[in-house]
Each structure stands twice: as structure tokens, then as C-alpha cells.
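Visitor: Chain residues, written in single-letter form:
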Amino acid sequence: MIPDAWLPLLVVLSSLLTGVLIFFVGEEQHRTRTTLNMIGAVAKLLLVGVMVWGVFHRHRYETRLPLLPGLDFVLRADAMGMLFVGLSSVLWLLTTIYAIGYLEGSPHRSRFFGFFSLCVTSTMGIALAGDLITFMLSYELLTLSTYPLVVHRGTPDALHAGEVYLKYTLTGGALLLVGIIGLYNVAGSVEFTERGALARVSEIHHPALLAIFAILIAGLGVKTALVPLHGWLPVAMVAPAPVSALLHAVAVVKAGAFGIVRVAYDVYGVEFAARLGVLEPLSWLAGLTILYGSVRALAQDDLKRRLAYSTVSQVSYIVLGIGILGPVATIGGVVHLVHQGLMKITLFFCAGDLAETLGIHKISQMDGVGRRMPWSMAAFTVAALGMIGVPPVAGFVSKWYLGSGAIDAKQYWALAVLVASTALNAAYFLPILHRIWFRPASGEWPKRERDGLETRPTLLVPTLITALLSLAAGLFAGARFSPLGWAKLIAAREYIS
Amino acid sequence: MSDLPAAPFWMPLLIVIPLAAGSLAFLFGPRSSLGLVAATLVGIWLALIRLILDFNDIGLQLYPIGSWSAPLGIDLRADGLSVVMLGMTATVGSFISLYALGYFAGERVLGGRFWPLWWFLWAALNALFLSADLFNLYVTLELLSLSAVGLVTLSGDRESLAAGLRYLLTALAGSLAYLMGVALLYGAYGTLSLALIAGLTRSEPANALAASLITVGLLLKTALFPLHFWLPPAHGSALPPVSALLSGLVIKASFYMLLRLWFEVFPSALTPVFAQGVGALGAIAVFMGAWLAFHQEKLKMLIAWSTVAQIGYLFLTFPLVAASPADALTAWSGGVYLALSHAVAKAALFLAAGAMLRVTDEDQIERLEGVGRHLPVSLFAFAAAGVSLMGLPPSGGFIAKWLLLDAALSTGQWWWAAVLVLGGLASAAYIFRVLRRCFLAPREHAVFHPVPLIMPIAALSLAGVALALGLAAIFPLRLLEKSAPFVGAAATPPMVVP
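First to last, the sequence lines map onto chains A and B. Quick note: the first sequence uses the working numbering, first residue 6, plus one each step. Quick note: the second sequence uses the working numbering, first residue 6, plus one each step.
None of these hints come from the bench; they were simulated from the model.
Stretches of chain A that chain B covers, calculated by requiring three or more beta carbons in the stretch to come under 8 Å of a beta carbon on chain B: (1) 68-80; (2) 160-172.
Restricting the straight-line Cα-Cα distance to at most 25 Å, the calculated cross-link-like pairs of lysine to any residue (SDA-like) are: (3) A:LYS172 / B:ILE289; (4) A:LYS172 / B:ALA446; (5) A:LYS172 / B:HIS300; (6) A:LYS172 / B:ARG438; (7) B:LYS303 / A:GLY159; (8) B:LYS487 / A:LEU73; (9) B:LYS487 / A:PRO74; (10) A:LYS452 / A:GLY106; (11) A:LYS172 / A:ALA219; (12) A:LYS172 / B:ALA423; (13) B:LYS303 / A:PRO161; (14) A:LYS367 / A:LEU438; (15) A:LYS172 / B:TRP420; (16) B:LYS487 / A:LEU70; (17) A:LYS172 / B:LEU430; (18) A:LYS172 / B:LEU445; (19) A:LYS172 / B:PHE299; (20) B:LYS303 / B:ARG438; (21) A:LYS172 / B:GLN301; (22) A:LYS172 / B:ILE370; (23) A:LYS172 / B:GLU371; (24) A:LYS172 / B:PHE292; (25) B:LYS303 / A:LEU164; (26) B:LYS487 / A:GLY193.
Short, incomplete list of chain B residues facing chain A, as computed with Cβ under 7 Å: (27) LEU397; (28) PRO398; (29) PRO399; (30) LEU410; (31) ASP411; (32) LEU414; (33) ALA433; (34) ARG441; (35) PHE444; (36) LEU445; (37) ALA446; (38) ALA478; (39) ILE479.
Every residue gets a Cβ at the ideal spot worked out from N, C-alpha and C, and that includes glycine.
In isolation and in its complexed conformation, chain B is listed as follows:
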């Protein structure tokens, strides 16, 4: 640990900048938003780019807060997985911020509530991805959940308040389970540092219990079937920019923690039964989510159910990684890349839907006729993001699917390959259900409201990123590979052409 040179302050900056922005937004209200947004985004990107470059040149980055190193102090730590998740947050977050500038332009009260919560949420996400110990993860996860609940209830109508309350209760239950697991581990090993615990874990009942509690808590927050019940109402009833950040970013935080804990802290507990079981839940989620998405009448509910389906995909990573050390890196990279692509594509989808709904003033899919003519940019964004969700090339979703399928076929687990392929077709069904309506002529007397130009543009740019991820996969994959947990374990270097 301590033999690594202390990294510069890019990591704390990534947390401090959005925190400061949140406080300023809270103090000054909506008046300052444009300048503040610009300054914050620039600051975050500068710090992030420096961090990524440092990681790329030097490797693992550690920053002891107040110069106290673990186990006594708190470390910030950035490896490949962290920087990729930070990059994902910054990309999606930037476009959501630009979109929100347009979305809240005429609504000072809503905007005044949105901005502080959003910046705090961003700070929590960055801090979470940089945490190096279990307790820090807990604190950041709590901060994240509380900001998210606040954002869900933003509009204050009855539907969103009910969804928000349900969201709050599940989030608290999840945190509680997680905290109990952490307490058990602390009791057993006397440390909370991920790296230290990883070297200490033994197979014993207390460990198994701790791991189960932590896992159930995180699965609840990630909304894996059958713990998904809270997600569609919360994501479907929130305001579009909020839905985008919830579906795109927030659920990725708990998924990230699951990846960290299972593949780095207690990989010895990763039994085939557990891995296949989680995969099976994922498979059910893929098909059930797609089925329900296809049968929704409201556009945002369709997208929310699609999130349930896509979360199912993410959990196919577990059986694919567990099957063989030689293919673990491929499967793991595929899973992370899927999380990344889904974040971008799903956020783009919600942003595009938000613009389309603003135009037609209705949330019914059946009423979308003629949107193509009045808002072609949003429709394009929707279609392009849909391509990534379906896993068709060129898109990040395709790259992720390729990696996962590669791992599934080379470990001989054809049933997961079947889930991946059929799930892609199922998502095509609900995406095209929306797109086909837009080819119809608008009905008579349809009223189309104007939208601020930045909204469709932000949606389209983000959808463009989703496609670009399909052509620029090399750099993020290299970053991931650099500090992947399996590099030593791989018998032969995977993904090499003889």
C-alpha cells in the first residue's frame, strides 16, 4: 500500500468540485446555474482527464486523506474499473446537466431544487467509485440514495411521492442489510479496507452470512429480479433528466460494488451455484423486463422496464467470469462495458423521450404519431440509443455483447449465449414498437409544443456517444485490463489472435 507514491489531488478534487457546486447552487438558487454548470463541468473534466492520464502512465492511484494511510486513515483509490466508472459518470452527467439547463429553463422552483441534489449525487457517485474501504462505500451509497430519493419526488405530484417513498424504504432496507454485513466483517477481521480484507477472508459461517447480507442489500439497490419492484415506478414517474441519471448512473453504483466485492474481496466464495443462480435471476429479468416493457402504454414506463431487463444482462457476468480463469477477463470486461454502454444509451433514451413528451404533452406511446416530423433529432437519438440497447453494431452494446458471447461460447455455456442473443431480439421488439409509431402521419388537431433546442441536441449527442463506444472500445478496455483482478489468474492471455 504505502510503497506507492501518493497521487496528486485529482481524486479529492473530483469529489470536492461537485460538492462545492451543490452548496453554491443551494445557496444562490437557480440564478447562477448556467455559469455554475459550465465551471463545474470544466473542473470535473480537467481533474478526471488528469487522473486517467496518471493512471494510464503510472498505474494504480492512491490518495491518503489527511496523509493518514489505511488501516487508520481513509484512502482514495483509483484503478481501471474506477476511472472507467468515473468517465461514465462524467460523460452521462455532462449531457444530463446541459439538458437540464434547457429542461428547467422556465421552471425556477423545480430547477432550484434539482441542481443542489444533482451535484450532491454526482459527488456521491465519484466518492463511491474512489472509495477503498467498506465503510466509505456505505457512506457514499447512503448519500447517493438520499439524493436520488429527493430527485424522484422533485415534481411533488402524488405518483412521484408514492414512488419516492417506496424507493426510500427499499434503499434504507438495502443499506441496512449492507451495513450489518459490514459490521460482521469488521468484527471478524478488525479492518474495513477492501485490500486488507481480500487477503484475510476465510471460509467460515460468519463470512458467508456477511457476504449474503451485503449481496442482498446491493441486489436490492441494483434492482435485480425479484428485487426490482421499486424501480419502474420510481424511474418511470420521475422527471426525464432525473430518470436518465437514475437509470443510467445510480444503479451502476451498487452494481460496481458487487463487482468489486465478489471478484476482488471474496472471490473464494464465488461458487458455481451462486454464480449460476445470479445468472438465472438475470436471465429471468432479461425476458420478464422485455415482456413488460413491450406491454407498457407509457413511454417512460417502457424505458424503465427496459432498465430492469438490461440489469438482468449485467448479472450474466457472474456465471461467465466464474466459469474459467482463461475467459474471466473477457467476461468481466464485457460486463463492465455493458454497464458503461447501458448508462450512456439509457440516459440518451430518457432524454430523448423527455423531449418527445414535452412536444406532444402526452406520455402515451400510441400518441407519438408525427413526432418524427416535428422532432426528428429526438427520434434519431431514441433510435440510435435503441441500437445500443439491442446490442446491434456499431455501438457499445454490441461490443459488450460480443465480449460476453465470446466468453459464453468459449466456456461452453451455450445457455447464456442463448439468453444474450434472444434478449437482444426481445429488446428490438419494444424499441421498434416505439419507432414504428413515428412513421405514422400525425393525427388531426395534434398540438406540438416547442422545446428548447439544447434538449434534443443533448439527447442526440449522448446517443452518438453510445454509438461511438462501439468504435472506440480499445482505450476503455485497455484501462480496464491494466488493473483487472484476473490478469494473474489467466492461464493464457485471452483475446489474442494466434
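Here chain A stands alone, though its shape is the one from the complex:
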């Protein structure tokens, strides 16, 4: 068997090697490239499966290499990390299949899939990082590997989006670096430990820890798209649909949110963070972002832009879950990391289906499209209802736990934010559903393919699977290995009680 110390490294290497090899595959060798992609994605899924089982049984997987005197490069599988790893490895497989279909016949595919794999590699590094410096390493690598994906099309719009993206994320990365070194100076260690390790730092340093928390959140908030650091996200929409899907559901915004989760739970420890008084401002910021994102989404006619503002809003649920102190809200926030990913990736897949098949980019063009593409639009409907929080889709579970957590913690304003946001979600998703299903088609659609399918199977199948997964995550939330079950496990390990 594989030694435990190698397993986390292998998970990272499975996509790194895939990416490096793909760069050397000729542009026209589709079959080789597809095979490589599939081998990498499936191998990773298997390795992750082994680790999930082990972590559940309190098995320890850790790769540790010295990086600097006194600082290690640490990859470690813990409950929190496995949640993110699980999400990314499942969605990587699906997005790869989708991207193969989406980019059929377009140029620079080796470059695209190479960076795509590097992007997933960095996400794995982020999820498995055992200390802040390893996290930082992967976090910056993510910035670098997503840039070529954002500018992939090489149009002036894409280049502009890339520029905006870099300005935001590199600045965020620089702040993060300052925060990490500051923390290293004060605390002497930047390792992640369950329930945090800063409570023992002497009181003299508390103002410094306060400032460092603010700097770290500012650095991570850029990728999380916390208002007012969200400006890059709607602009980055020019990227191809699979990239947007990855950016919004798995890689970039999630990396930021996951970083905030790590800092709050595993560096500071929520109880200590609450004593420092940093959680309250954080939850206000999250609340503000939730409402602001939803309001801005209302006014967008471009489908992907509306989805982008919806992401701004939804990702902050995760942050809100941290801010409302208490295990129940923690469950709600952490589980939303997965639930939002499943639902949002479905929505972006659908947007890509529409654009690829019918050339539809705007909501105003979507009248009656349900008759032409019933399966895709059914998936869209499931995910949109989930975003609103309609049971039994996954989004309902997140909102239920966040709401009960807010009541437990007597933070009634957070409940108000949730209710208002739900109303806004309904206001920007229901009109789309109305257009899809109840309005007459406004023009002629391109005809169906000979085989009678509404679009290419490589596009349709991943879309349906993610829609089913978001439904299943809600329906079977009570199961032990559901996202909710796992989030409960995490909450139990993060709170002493």
C-alpha cells in the first residue's frame, strides 16, 4: 500500500503531472489529451476516496518537507480539508468532461487543459495545506494558473479582464503574505491546528493579532469577493464557461472562503477570535456582501453576470456562518462551501449549454427556451430553486442551519439578512424560470442534432449530474457521508463542547 505520508502529496501530484504532460501533447492529439485528463481525474478521485475513509477514522495523513529553517511545507488531510478536496476532485472530473465538449474544435486546447490541471493542483494544495505558508504557496499558484484561463480567448475584453483580475488578486496575495509573516513574528508558528493555537499568545500581542486578522481577511477577501473587494469577479465573466464554472464553484472564490474558514477556525480558533472581537465586524461584512451582491444581480441582463453577482452574495454565506458564533451556524457555513459549489456549477454549465447550443447570452433571449432544451433547463431550475433555498434542494439545508444558528446565537439581524437575501434570490431567479417555461419562444432556434439530443452529450451529462448531486445533497442530508454529515463532523472537532 501507499505510505500515509505520501498520500496527500500524491493527490496534489495527480493533477500536477497531468498538467505538465498535457503541455507537451500536440494540439491535434485529442485522444491522448483526453486520456491523460481522465486518468488524472479518476486517479485523484480514488486517492481522495481512500483518504476520506481514513480521516473519518481519525487516521493521520501528512506530507512534511522543510521549506525554510523552522518552516515546513505541510500537506495534511483533516476533516475540513477533505470537505474541500472531495468537492474539488468530483467537480474537476465533471468540469473536465464538460470542457472537452465545450472547447471541441477551438484552438490552444493543450494550453487550456494544462493550466486547467495546474489550477486544480493549486486548489488541492489549498485544501490540504497544513500551515499558512503552504496555503499561501498554493494560493498564489492559483492566481498564476487561472490568469491564462481568464485571458484564454485573447480578445481585448479577455485581456482587460485578466488585467483587472491580476490587479485584485496579486494585491490580495501581497496583503496575505504580510499578514502571514506578521503572524509568524508574533506567534512563532503558522500551522493549522483544530480549534486554533493563538489563545495562548500573551495579551500584549492582542492588538497586533487584531491588526493581522484584518490584513489576512483583506488578503483573502479579494478572492472571496467580499464587498468592496469583489470588482474582479463580474469582469472575469468573459472567460469560457467551464472556467467560470471552476472559478465560481471550486477554485478561486472558494479558495478565498476556505482561507477565511482556516484562519478563523484553525489559526485563531473561533472562540479566541470571538474574544478578540473580530468575528462581529466579519459577519457584518458578510451580511453587507450578501445583500449587495443580490441587489446588483437583480439589474443584470447578461446571464453570466447575474450569476456572478449571485456568487458574490452566496459565497459570503460561508463567511456569515463563521461570524455567527456557534456549532450550528458553523455547520451551515461549512456545508454551504459544498452546496454552493454544486448548485453554482450547474448554473454555469447551463449558461454554457445555452451559449454553445443556441448562442444565448442574455436573460432577455431566454423566452421559451425550456421547450428547446428541457433537460438543461430542468437542471437550471433545480439549481436556481436551490439557490433560493427551496426544499429539498441542498441550498435549503445550508439556509436552515445558518438560520437556526443565528437564532441559537441570538443574532437576529443575521436571520433578517437571510430572509432578505432569500427574497432577493427569488426576485432574480424566478423571473428567469418564468421566461424559460412560460413565455413563448421569441425566435427560431438552431435545429437539433440528428441524434435528437438537445445539445452535445459531453455538455449535457455533467450538467445533469451536478443538478442531481445538488438535489441528493439535500434529500440525503442525513446520511453520514453527505456534505451535511461531514460538516457536522467538522463542527464537532472545531468546538470543544
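Based on the hints, put chain B in the right spot on chain A.
Guide: Chain B alone, transformed into the frame defined by chain A:
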């Protein structure tokens, strides 16, 4: 001094091998280059590896030439700083040599001029890093400058001749200032040995004058703002392999001498005002260099201005080391590691640029469209080396920035931390200005020439080393720590997790 056992002859070999190669290349011309390059590289690496191992096992290495020890004879001396600089030279030098094999493949005349000068330059660098006295340093520095000037003017076009002449005059002025300072010190103490002078220096006007002359001379050669004027034309107009070795290696020699002299020979003169002043010049260089790099139209000029900016970074070492003995080692290691990473990354950048220019036959950044498709390997090399220059992980530049930032924050000098962070963002601006062009579709009628495969491969390998330095920092840092000048001074051992 003399109680140390005399080291084996690895040190003189490191000087003799490239000297011999230079002489052979001069005598036999370009015919012999492939075999000669291979033999020389193998010889240098064998000697170097033995030297590093000896140093790692035993410690400080001394070799009295002709068995005459200082103060009468000439010592060769290798400590951690020396072996790291020698390693840097050998790494960068090897890839430049391989690249040059491809670059000069079709050009017998140019190649015939390049190889002897390059081997002499390498010998001068090795000798400089092994010198233990001020006069030896002077001689090797002169040899270095003269070979470098010869290499700048290699192509013989008017632009490079003008740049070469300016380079020659500044190099001579720098050497002269340095020599006068050395003469003053010799007059005062009657010795030129670094170790002996270090024990003797007192605060007196003659000393201050000597130190100032030496420092100004070396700053001129290192091209710190405002003495940088000669560098961009010289580095920008030379042939790509020459630019790579000038920007990567040659300026590191005078920087190395500054580190030696200020932290080991007259550390007592290292006043806060001087340290902060040098740091301030460095900070100006960081931003001005980045600004001008961003606004260049020619690719090689962009890289040359980037060197001016990166040199500025190197001088942030001075205020960070001077601030507190407890953090001196961290800051000093950071500075040396930055010099090392910059050497590797900058050389890779010039080599990659050289391959891209060979392909498109134009030096304009605006004309780089489509290079990504025809020369992806070079583009990758450029991007990876750029990562190190920006100080992003995983790269040597990141490790260096981490160490320097650590020192800046723990000594409370937030303004230097700000320079480090903002300077990194500024370098991202000019690196991405190049990279973004490569995502554009090639313009019509663009002609792409073939290049020898070894060129992009050498560039990519060197860029790979720049990244690897970010993951394999432990060994070089241990070597540095082993004989660092501050170990005794540190109140608490730095860089230790409680």
C-alpha cells in the same frame, strides 16, 4: 589563520580550469567548442562539489598559494558566502554555455570571440569569490570588467560599441575609486588581508574616506541608483547570452564585495544613517527601475531596467541587517538568497528573450504576438523566471522576499516591508505586460524563424532552477549560516519556532 589545515587544491582548480579553457578557446578558435565546453563544465562542477562538501564537513577552507600564508603570501579562502556565490556562478554559467553553443552555432566569428572572453570572465568571477585580500579583489574585479566590456562590444554594431565604451569608462572610474580606498587602508594598516584589517579598523577620518571611496567605486559597478546610468544600454544592447551573464553574474561580484566589506571588514562603520541611506537609494531604484521597465518598447531594455530595480532590492539588505543583531542573519541570508535567485531568474529571462527574438527577428514587445504558439518553451521559461522576479511562490525570489520581510517586520521597519511588497507588484506589472501579448493571435504575414532546440531548453531549465530554489532553500541557507558573520552577535538564535 595558519592553524587551519591547508585545503586541497579544489579552489585553485576552480580558477585554473576556466583560465585554461579560455586559453585553449583562444588558440584553437571555434572548432573545439563543443568538447571543450563539456570538459570545462564537468571539471568545474567536480571541483566545486568537492569544495562544497569539504566546506560542509570541515568548515572554512583556506589555500595558501605557493604555500605562503598571509600576510606575505596570497590566500584563497572559501566560506559559506563564497561557496554559494561559486555555486550560483556555476549554475548560471553552465546553462549560458549550453545556450551559447546553440546561439553561436552558425556564427564562427562571433563564437570565436565569445568563448575565450567568457571563460576568462568565469575564471575572474571564481577568483574574486575566493579572494581573501583587498588587492586580489581589485585584480579579479579588473579582469572581470575588462572581459565584460569585451563581451558587450562583441557584435560590433554602433549601439553596442557606444554602450561598451561608456561601460568601460564607468568600470575604470569605479576601479580607480576602489583602488584609492585600498591604498589608503594599506597606508594605515600595512596589510591587505580582509581578516587582518577586520581586527584592526578604528574610527578615524582616513578610514572613513577609504570606506567611502571603496563603496562609491563598488556602487558604481553594481549600478545602484543614481549610478545606474550605464547599465541599461550595456545590458540591453549586448547579445542575449552576454546580457544574461552581465545581469545575472557580473553585477553580483561587486555586490558580493560590498557585503564582505561592510559586514565583515568594517561593520563598525555601518551607521544607521548610512544603512538607511543606501536602503533609500535601493527603494528609489526599485520603483524607478520598474516604472522605466514598464515603459520600454524593446524587450531586452525592459529586462535591463528590471535589473536596475532588482539591484535596488539587494540594497534593502543594509538597513535590515543594521537594525538589530537578532535579525541580522535572517536579513543577510535574505539578501544573499535574493542575489542568487535574481542571478538565475534574470539569466533565464534574457536567454528566453534571446530565443523569442531569434524567432520573431524583432526586439519590439508589441510584435510578440503568436510567440506563444511557436515557442511555448521559451514563453514558459520567461513566465517561470518572471514568477521569481515578482517574488511569488514557489521560487527563490519568494524565499528571499520572505526572509527580508520577516526581518523588516520583526525590526519594526514597516517602510521597508512596504517597499518589498509594492516593488513585487510593480515587477508583476512589467512581466505581465510581456506575457499578455503572447496570448494574442499572430498578425498576418508574421515570419517565424527556427531556433536551435538547445536555446529554449537551456532557458527553461534555468527558469526551472529559479523555481526549484523556492523549494530547496534549506541547503544553501545552511551553508550561509555556517560561517555567517553574525552568528556570534545574535542574541537569540533567529528563525526558530518556539
